[in-house]
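Student: The residues making up each chain are set out below.
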Amino acid sequence: MSTVMTEQPQVLPDPAPGDPRRAMVALARVEAVRLLRHPVTIAGILLFVGPELYGWLSGGANRYPVLQDEDRSKQFLALLALGGAALIAANLAALRAHRHATTVLYDTFVLPQPWRTGAFLLSVVPFGLLVAVLVAVRIGLLAAVPGAAGRPNPYELAAYPAAVLLLGAAGVLLARLVRAVIVAPLLLLVLAVVTVAGLLPSTPAAARLRWLLPIAMDEPPMPLPVDLMSRPAGWHLAYVVGLIVLVAAAALAVTGARGRRLVAAGAAGLSITVLAGSAQFFPTSDAVRTAQATAAERPAEMQSCQRIDQVTYCAFDDFAPWVGGWDAVVRGVLRRVPEAQARQPLAVRQRISTADRAANGLVVTAEEQAAAAAAWRRVDADAGTPNAVTVGTRWGDGESEIGFAGLVAYEVVARAGGPAGGQVCGARGVLVGWLAGQATPKATDGLREVDANSWGGVPFGEWQFPVALSVPDREMAVALALLKRPADEVAELVRRSWAELSAAGTPTERAGELFGVAVAPLPPEEERTVCEA
Amino acid sequence: MRGVSVRVVPRLFRPVARAMPWWTFLAAAGLGLAIVTVPAATAVTLTGEDLVGLLRVAAVCGALGVGFLLDDPAARSIATVPTPRPVRYAARAGVILPAAAVWWALVLAVTVAGAEDGIGATLPLGGVTVEAAALGGVALAVAAVRLRGRPDSGGLLAFPVLLGLVMAARLLPDRMALFVPPDDTEWARTHERWAVLLVVAVAVSTWASQEPARRWTAVARRRRSLVGHRRS
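From first to last, the protein sequence lines are chains A and B. Residue numbers for the first sequence follow my numbering, beginning at 1 and rising by one. Residue numbers for the second sequence follow my numbering, beginning at 1 and rising by one.
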């Protein structure tokens, strides 16, 4: 009898007298609960949520998140942990009958095979909804942080559940194509490798490849204000939705579903995939490109300024909540300098860089950098904020704080406008290093971190900007020794000898003498760095 | 009896090799090999860190495949044969280890040969091999533990555990890191951790290859307690 059933399932009378939809929904409900309770799903959720929770509980999370970056920052992790869980759990569920050798028995059930496949496809939806809730809660919590900048892109947020649904549907399709559980994890590994390969500049057509994957990763040089973003997130979401429809239709077709509606769904999925997939490659609109160029070259036109005492802060509107954080660093530097210096007006201007100099393989010569820094100084003077200190669009980590603190300290010491990446030697270098390092506790940590990862000298300022400086190790050693002493005691000495310490020609030895710190002898002639400032 | 059984091991190689689900391993190992071959065969220039990353993915592929190699559709029916489980597993290990070693050597050779700008000579092959061995060891250990309880498929548990382990290892904070770039100062220390993982995996595999007697003791205990109840 079983032979008859297996070989000629079509000739059996339809055992479902009513609407198979109800049975499908009932099965989908059971399978959805099983999928949500599957150990792989729980492990995936823990892997996604765990690091975030750890960051918040251990105090390592950034208190100044950029929401237009945070919305997509966990997409790769979500693809592997949550998407991977959906892929594997849905695949295992769809293969359960095969694994338990009960496929033949299922033919006696009221629900025909294509409808059962439909139930497996539907069972991924609640997990997708759960992922949407997780992502919404995460971005909601980030947005509630007082230092949150910008706003998230709903399309980027929707890409998380979309990737989960796509991979879940792919798990069902794979189960119907290959009856082996090994295929799903291998597909996940391939996805991981190809997604990372899309980031490598040496991969052929990497820029196109990354937008054809479930999630599109890219690494812009630095966060941009929302209005300058050029990621085609909406088109990419439409592309992934098209893929979901296509994969689901393929899974149904493979299990024997036929009919006009399925063909229509498949055709719709294919057209959405092709159209939205191609639309992703439309060049960035002229308006956005013009805005990007304006923001990079003449930021004053797009910024609002606010004054706190004698310091003017000009920022892109998205980043206005950061002014308090910048002010803490500026005050940290100013409280250690003589009253007359501290009371002088100071300006801070936020800058962005849209060109990734390292990725494009461009080498910037010292002359080019000096010219660019001079141009920035001219723009600042025209905007009414001469000698403005530059701050970027990253904040909240030690590295950004120490970079900014270094530039603030240099401006307070030299009052000469942004430096063009040169070495600041002598007593000035020591003073800049100490003033910056003691500005805030985070700046102190940042200085240690940057010092550990640099050779020859400690750089201050974002490397994408022409405005930066560096203090050689010899001067930095004195500054680090001073940082170990009580700050008030050093500040007293600094105030007393300000004129001498801040003068360009004062040698490091003199600073060592004033502070009572031993100074290392000068390195041999050929190892010395060229001091510019 | 044990002496006789151990002498049986070499004779078991052929039948055991024929009974093993090779195609699962070959699919996984083939993908691992392809992952290193594609960039090696094309003009893509990769750094040492990228190449080590690819070797790691290939190692995960191999470990996924190895996890299925203890599976035996006839497990239920051969539980009663005089050749005990440790001997049967020893025979399998005698087939698995050379096969995996040959495959890994091939992966390394392709990676080194395909590396541009003399990077191949600078790759820390020993360290990556310890990682690959530890991953393979974990896969075998988890599979063996699963097969003690249910003689269906060891790989079914081994592959999610392995993927979860690798993903969790990537998310570990720096001071506990397992995956570090080749030029990292912590390279040697992290590989001590990998070596410990390998030793633990081998120990668990050895333990799990013993025939589970748990069920019988549990039954006996239950009987004893029943008798005790009756007496009281």
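Hints are computed from structural coordinates only; laboratory data are not their basis. Please note that the accuracy of each hint is not assured.
[Unchecked claim] Which bits of chain A does chain B cover? Going by a derived footprint, with three or more residues having C-beta under 8 Å, they are: (1) 80 to 92; (2) 156 to 165; (3) 246 to 258; (4) 280 to 293.
[Unchecked claim] What follows is a list of derived Cβ distance ranges for each label pair: (5) A:D19 - B:T206: 33 to 43 Å; (6) A:A206 - B:R18: 37 to 47 Å; (7) A:V274 - B:V202: 45 to 55 Å; (8) A:L53 - B:R14: 46 to 56 Å.
Here a beta-carbon is modelled for each residue, glycine too, at the ideal position from N, C-alpha and C.
Student: Mind checking, does the segment 80 to 92 of chain A have 3 or more residues with a CB under 8 Å from chain B?
Tutor: Held - the segment 80 to 92 of chain A has 5 residues with a Cβ nearer than 8 Å to chain B, which meets the minimum of three.
Student: Given the hint of 37 to 47 Å, is the C-beta distance from A206 (chain A) to R18 (chain B) inside that range or not?
Tutor: 45 Å, holds
Student: For the segment 280 to 293 of chain A, count the residues whose Cβ lies under 8 Å from any Cβ of chain B; is that count three or more?
Tutor: Violated: only 0 residues of the segment 280 to 293 of chain A have a Cβ under 8 Å from chain B.
Student: Can you confirm whether chain B covers the segment 246 to 258 of chain A, using C-beta to C-beta distances below 8 Å and requiring at least three such residues?
Tutor: violated (count 0)
Student: Tell me if the beta carbons of D19 (chain A) and T206 (chain B) are separated by a distance inside 33 to 43 Å.
Tutor: 57 Å, violated
Student: Holds or violated: 45 to 55 Å for the Cβ distance of V274 (chain A) and V202 (chain B)?
Tutor: 52 Å, holds
Student: Range hint 46 to 56 Å: satisfied by the CB atoms of L53 (chain A) and R14 (chain B)?
Tutor: 53 Å, holds
Student: Are there at least three residues in the segment 156 to 165 of chain A whose beta carbon sits under 8 Å from a beta carbon of chain B?
Tutor: Per the Cβ count (0), the hint is violated.
In terms of the numbered hints stated before, the structure departs from hints 2, 3, 4, 5, listed from lowest to highest.
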